[in-house]
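There are 6 protein chains.
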Amino acid sequence: MAHNFINQIEAGQTIDDIYMVSDPILRSTTRGDLYIAMFLSDRTGQANGRMWQASEAVYNSLPKPGFVHINGKSELYQNNLQIIINRVTPIDASRIELSDFMARTEKNVDEMFKEVKAIVAKITNPSLKALVDEFLADTQLMENFCKAPAAVKMHHNYLGGLLEHTHNMLKVATAILPLYGDVNADMVLAGIFLHDMGKTEELSYEMSLAYTDSGQLIGHISKTFLMINQKADALTAKGNKIDRAIVDVLGHIALSHHGQYEFGSPKLPATAEAFMVNYLDDLDAKMSQVIKAIDNGPKDSNWTPWQNAIQTRLYRKKFDD
Amino acid sequence: MAHNFINQIEAGQTIDDIYMVSDPILRSTTRGDLYIAMFLSDRTGQANGRMWQASEAVYNSLPKPGFVHINGKSELYQNNLQIIINRVTPIDASRIELSDFMARTEKNVDEMFKEVKAIVAKITNPSLKALVDEFLADTQLMENFCKAPAAVKMHHNYLGGLLEHTHNMLKVATAILPLYGDVNADMVLAGIFLHDMGKTEELSYEMSLAYTDSGQLIGHISKTFLMINQKADALTAKGNKIDRAIVDVLGHIALSHHGQYEFGSPKLPATAEAFMVNYLDDLDAKMSQVIKAIDNGPKDSNWTPWQNAIQTRLYRKKFDD
Amino acid sequence: MAHNFINQIEAGQTIDDIYMVSDPILRSTTRGDLYIAMFLSDRTGQANGRMWQASEAVYNSLPKPGFVHINGKSELYQNNLQIIINRVTPIDASRIELSDFMARTEKNVDEMFKEVKAIVAKITNPSLKALVDEFLADTQLMENFCKAPAAVKMHHNYLGGLLEHTHNMLKVATAILPLYGDVNADMVLAGIFLHDMGKTEELSYEMSLAYTDSGQLIGHISKTFLMINQKADALTAKGNKIDRAIVDVLGHIALSHHGQYEFGSPKLPATAEAFMVNYLDDLDAKMSQVIKAIDNGPKDSNWTPWQNAIQTRLYRKKFDD
Amino acid sequence: MAHNFINQIEAGQTIDDIYMVSDPILRSTTRGDLYIAMFLSDRTGQANGRMWQASEAVYNSLPKPGFVHINGKSELYQNNLQIIINRVTPIDASRIELSDFMARTEKNVDEMFKEVKAIVAKITNPSLKALVDEFLADTQLMENFCKAPAAVKMHHNYLGGLLEHTHNMLKVATAILPLYGDVNADMVLAGIFLHDMGKTEELSYEMSLAYTDSGQLIGHISKTFLMINQKADALTAKGNKIDRAIVDVLGHIALSHHGQYEFGSPKLPATAEAFMVNYLDDLDAKMSQVIKAIDNGPKDSNWTPWQNAIQTRLYRKKFDD
Amino acid sequence: MAHNFINQIEAGQTIDDIYMVSDPILRSTTRGDLYIAMFLSDRTGQANGRMWQASEAVYNSLPKPGFVHINGKSELYQNNLQIIINRVTPIDASRIELSDFMARTEKNVDEMFKEVKAIVAKITNPSLKALVDEFLADTQLMENFCKAPAAVKMHHNYLGGLLEHTHNMLKVATAILPLYGDVNADMVLAGIFLHDMGKTEELSYEMSLAYTDSGQLIGHISKTFLMINQKADALTAKGNKIDRAIVDVLGHIALSHHGQYEFGSPKLPATAEAFMVNYLDDLDAKMSQVIKAIDNGPKDSNWTPWQNAIQTRLYRKKFDD
Amino acid sequence: MAHNFINQIEAGQTIDDIYMVSDPILRSTTRGDLYIAMFLSDRTGQANGRMWQASEAVYNSLPKPGFVHINGKSELYQNNLQIIINRVTPIDASRIELSDFMARTEKNVDEMFKEVKAIVAKITNPSLKALVDEFLADTQLMENFCKAPAAVKMHHNYLGGLLEHTHNMLKVATAILPLYGDVNADMVLAGIFLHDMGKTEELSYEMSLAYTDSGQLIGHISKTFLMINQKADALTAKGNKIDRAIVDVLGHIALSHHGQYEFGSPKLPATAEAFMVNYLDDLDAKMSQVIKAIDNGPKDSNWTPWQNAIQTRLYRKKFDD
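Protein chains in written order, with numbering that gives the first Met the number 0: chain V, 0 to 320; chain S, 0 to 320; chain U, 0 to 320; chain L, 0 to 320; chain F, 0 to 320; chain Z, 0 to 320.
What the hints contain is simulated information worked out from the structure, not anything from laboratory work.
Keep in mind that a hint or two might mislead.
Pairs of lysine to aspartate or glutamate, EDC-like flavour, derived with a Cα cap of 16 Å [claimed, not checked]:
#, chain 1, residue 1, chain 2, residue 2
1, Z, Lys285, F, Glu55
2, S, Lys72, Z, Asp32
3, V, Lys240, V, Glu114
4, V, Lys317, V, Asp294
5, S, Lys316, V, Asp242
6, S, Lys146, S, Glu105
If you anchor each label on the Cβ, the simulated ranges turn out as follows [unchecked claim]:
#, chain 1, residue 1, chain 2, residue 2, range
7, Z, Leu75, S, Asp22, 30 to 38 Å
8, V, Lys72, U, Thr43, 56 to 64 Å
9, V, Ser60, F, Gln52, 35 to 43 Å
10, S, Met153, Z, Asn239, 39 to 47 Å
What you are looking at is a predicted structure, and each value in this text was computed from that prediction instead of being measured.
Beta carbons: idealized from backbone N, C-alpha and C, even for Gly.
Chain V on its own, in the form it takes in the complex (with noise of 0.2 Å):
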């Protein structure tokens, strides 16, 4: 049976799923009866849950996070969905399809997987050609790069989003690189291939999106200089001959992709290519979050709820081509 989707919930009906469950509470009415407090969500949203009549001991059986099967009534609180439970049984997670709890790319990942490869083989340069060999080199690396997001809230911030955003950048710079002739096409490739792969350490993917500590201390974009300084290394150890200059010119591209100091780059740009790079990555991020404002939420306006991270609100009519 397909899963019952939480933003697809009306008022009124009859609930029997499964949902995550987290942040449950034991509290008591006025009365002294007591209830459970919970949230019940999946990967469409999120919604409030309350079992009245509950009792310590059902409490206590609550995974704090985890999956638990619901059955019960689905009503509207104050204007938001709430859900009403009338049972709530454990789930293993073992059990569960994780699809339906993390949002995850529309996209092929295999297929985006494999065109970032052959966009990247074209380098020549036989440094930069060495380490993006020995970044493609490690599986487990390779994996992460697949499955992570690349934000836990602004852009792509779903499972492959990472992958996505990457794809996405190389294929634009494949298109526009003939454009500019003066700019060095490997290093934009090598760059934007690399430029986040600091981010499957920095975030964690696995029940939900959030930050690791290491993460939270360090940065991806200093995870990310220090990943290609140590795959340098490894190669030199293995008897390569790397170009250190070109590791540095690479490693700048990483730290200063942000393009300005508030963003968390402690270089600007200084090269060509770490210009082309910051602006192709911030243009990615942006059209991915402008068109997703855009398409999400009420359609009974013209104008999106104000967008904080761009300071104004969006326009959200459409033209005819």
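Got chain V sorted already, so can you dock chains S, U, L, F and Z onto it with the hints?
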């Protein structure tokens, strides 16, 4: 005889050629002898000129500014080129080849304009098509569009620079629009074609590049916005059916294309199309500036001088692809 | 019978009057009973309305938004006024007195407009005089000018606010122009008269104050600039001799009157007249805001709540003159 | 014989007059001959002086700085006025007319001060009246108030400038206070009268304009605040009944009158009166600066040079009223 | 019987103790029954209080704010502690132990003040010694100095916090002054002792922490500066010889000790001593804030909640030394 | 014979000594005679050198840059020291005393390094101890650590400056750590020891102070972070058990020690230890800069010239302790 360009003169050469003279001053040495200091220039640069043993009559004969035939000799003074003048003869402006004296795009203007017209010819939305055609039909404006620089100082600051910049942006947009399917291509192409049109009035570019009075008071952003509305008004007056919402969205692209208030945009981008025009404009301007800064100047260091506009020096070492 | 204004209702009153209803929602209590939550408002404020024992039929009958006759009782809930509704009857908008529901200037509109016309009648420069007269002759525009608010939220945010703000600035200017003899009085007076004219199109003010789509995309600054040029074009087309340099200097005042890029001005003031208009606009807007904030709200403290726009709380203790 | 002012000397004149000399230096030419370089100035400007064939004895006789009688000849050197000195004779300061050497307000000091006193005489609040009278009774302070400049560089930077600025602000306030009825006029007038009083101690203005040590360490804002409290303490000690809340509100105007933290105000305006003093101060200072910049300098362009304090060039073309 | 502190009450306890009551409100339930909502607090925190079945008489008897004896029961409501009140009896403030209701330094006030006096006793410069002794001789001020908090919210926001902060800074300065030999130790010690003295007047700390009217209008920076000058004036009036340059340099430390204009300093540090006081103040305040944020709050995460003042979350995992 | 230092040469001296020559240029006078302009310097400063009656052969013989023996005479020209050269002879670098030509710490390097080692020897946490020992065991790095400057321009910009700055910070930390008991002393000491280690690679300091290419592209912050991870990797590879969370917390100190994004830190301090290192670094750097600026330069004013880095002039009057 080919013009002896300023940037190719070395110390010790005999000079016998035409240059633009500006800011001549009659001075006396500490011994009381009169001499004339002036600037001599062509499209490749500027040098100090000194005429020792000068007279007030010679000084009075000089155009201020204008063109002169110079006989003399080059030397280095305080590390800069200086031309010691033996004889100076005013030359009528009609006799000189203006292209020797004002920098000009190295690309073919006719071909670029033809390509621009071919790209915008793909626009199908009736209101946008009518507006773009109305601009194309304004022959005086199109002549200026092909001749104007894109800036006095920053990027594409030479005759034909506005066309070159617009042309390149249109080609970049054509290459990447297929990768951003939710974006209205017609609006992006029309927006790029028109985004800097006001520079034809903001700048003067007859004998040198400068701001007009009107340009300094109003700015090209508001001038472009005004032109779009004036053309729309003219079309409406002629009985064409122009969707005013489309005119507003196109005007919004013109107003917001600098992307930030402090860069003179009175509105921030609020549509996907406005974001794309803003990013492509910035990308093309910055790549042009960065590549030019790296290619120009003394090559005795791996680093350019400090670039104030981008708050860094640029690294100019090249690596093989 | 006089309307019973929201801001004068105390807990425990019987309610039998007309209010504007907005955002009604049908909900069920934890027992399954249906009730309707809604907002009730007039020009003095807004209260929560609750109709217990409601039905879907009643809910469907409500305008969303619109006017209703309410029978019920007031009470305090969580320290806010709430109206418990026994009966609700939709009312046709044509039967209500709109001035009870939208705030309006307390000054006499006709007298203010008469004074405005008297002040600008002193302008003698032919181009400025022709332009100002062209605006005054546009009766539809002048009607809107007398009706529009000066803002949705900040200062003079009520019907007639634009006129009141412009009128007061003109009187301040008249008082101080003799003290600044080198300033062109005609330009200052014309600049003030027109500086916010674009707000007639930026804002909508039929049933409530809001931004129009066009207003949000373009802004009143650019709209004012466009209006000035359109009127100048119309005059020229009719054969009047209009000095375009004067149109530019007047347009510059419109563009620069916010004084800073981050407040949406694409140009900074570059004439003495533009500086004066900028300062008098800011002075009048801030004095209005500050005095209103000090006069309104609970008087149990010497300090107002935090005022975000001016980054401080305001001290409201009064001293005798 | 009238003084031959620096700004009226043209190249080629015989010089036989008194000037202020500063920063004289004894140098040797490349041939080993001694000469003296110095600056010669009066209240209209400054020129380079050169005495060729000088001796150490002459150099030692020069005041550093002070006044000298110069015999010589003017010339242009590198486009600047230079005076070639044949003979230089020290002059006792008591014999010169100081007003020739320091810029001074063009308005009548006695009349302005009389008007200032007439305006503040209208104050009726007892505490404010007592405070203002206490300042007026301090004859040494009032003498300095009439003599001090308002700044070293920015606006009203000449003897009597502080009085001129305060006087003009009081007149502007008198003109517009009737238009802002909710504002405490006594507080505004007292606030304006005192707002810059600390400049009498922040600046020195005997032979040239400069900051005192104490002025640089403390600033006129805190000095004014201190003066107000010292006068209030003195009145209290003499048995006058001074409302300390009024002293705080007046002190607050002094502290906040620069309007922003980055302009050195430790508090932002928090009363309607503080806002008004802040705006009128800024208006009067900026109008004075802008008008002066437009009126001064070469008239061969419609635009002044770049004005750093207001981040623009100024347009100086005049139109008939 | 020991007071039952708010932060140690768990759900389900019987409550029979004295608390501070604030903001009581009489409300009616949806059935029309009256109840009273109020806040109950002591120095460890605050809880909601609810008295169901209340009457207007009970409501009228409550102090607003003040102390009450509460009989009732604790429960959790929406995850927050709530106290259900059966009986409430007003208590005279003289009968309660104030230290139970306002947070207070955990260090020994007498010992800290003794150490402060011992450290400043080492000052030998006559003017500074006289000034410091004049402050120490002001017993009312010293009593307030020992009692005042250092802030309402940020750091050391409890009774005795000002003394604790000053004491710790003096100890840090004593430890590092030998390492910075060119710094005037007397000036640093006197500067630290006095730097926040104005907080005794800026804040009120009788029944709760708040700003005084005078404090909000003037700020502790200017108040400290004023105090220093008033003490110096008093010493001079008594015939002591006080070097006014030293008073300025000490006043400069008070004015500049926040280090930046946007933090309310009207002058930036301009002496080595002012820099040291600024850094040690900032260091001690930040260390106190950071350590408190790390130690407080739920320990179920390695990270604290977002700390707005320092724009980050804090990592709280501990490692062995 | 002792070297005749540049900063002690007065006009009129006979010069017969070795100096570093840089940027020599061959020029011709207005009469056609050749002369050579060059800079002559040692560790105390720089002077202009002029060799009149020079030849191309002499010019070609000069090192660019390098060391030369000069015979000539000093004079003042435009108020700056200038050396008129009669004879110039190239000198082999091996024959000169480098310490005469590059500024060097005035403290004893060996003693400082011994004290540094003694302080970090107190670290007991096994992971931190192992890491610090791994750095200490890298003799080439420690040699550079003892030799490198702390900056090219700002503070401690001389050989041994990095050690001096680190040493002083460690002593300050040792003095105040007992006053901040909740801070992990091991982490602070290890953090200080390593915080600027990357400067050994960011800067070059053989014949003059400059940035390396790699230093400019990457910066010492990221270089230090990389070094810490490389040493940790090396220890792990050798079988040591290193707690990676500790490596992250130490790396975080390196990344955040500039305290603000705009100073090049990609992360803001998020631990008490990171805050302490940030403050002590800033304190030591600023105290060093401020004291140096006050001590240097002409003493004829109570104020130093404007100090751009701290946005003020500094007051240099001294008072007795």
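Results for each hint:
A hinted pair counts as satisfied when its Cα atoms are at most 16 Å apart, and Lys285(Z) with Glu55(F) does not qualify at roughly 64 Å. Under the criterion of a C-alpha separation no larger than 16 Å, the hint pairing Lys72(S) with Asp32(Z) is consistent with the structure, at around 15 Å. Simply put, Lys240(V) and Glu114(V) have alpha-carbon atoms about 28 Å apart, too far for the 16 Å limit, and the pair is violated. A threshold of 16 Å between alpha carbons decides the hint, and for Lys317(V) with Asp294(V) the separation of about 11 Å falls inside it, so the pair holds.
Restraint check for Lys316(S) and Asp242(V): the C-alpha separation of about 13 Å stays at or below 16 Å, so the hint holds. As the CA atoms of Lys146(S) and Glu105(S) are separated by approximately 13 Å, the hinted pair is consistent with the 16 Å bound. At roughly 32 Å, the beta carbons of Leu75(Z) and Asp22(S) sit within the given window of 30 to 38 Å. Restraint check, Lys72(V) to Thr43(U): a C-beta distance of roughly 41 Å breaks the suggested window 56 to 64 Å.
Roughly 36 Å separates the CB atoms of Ser60(V) and Gln52(F), a value that falls within the hinted 35 to 43 Å. In this structure the supplied range 39 to 47 Å is violated for Met153(S) paired with Asn239(Z), their Cβ-Cβ distance being about 55 Å.
Violated hints for the displayed structure, listed by number in ascending order: 1, 3, 8 and 10.
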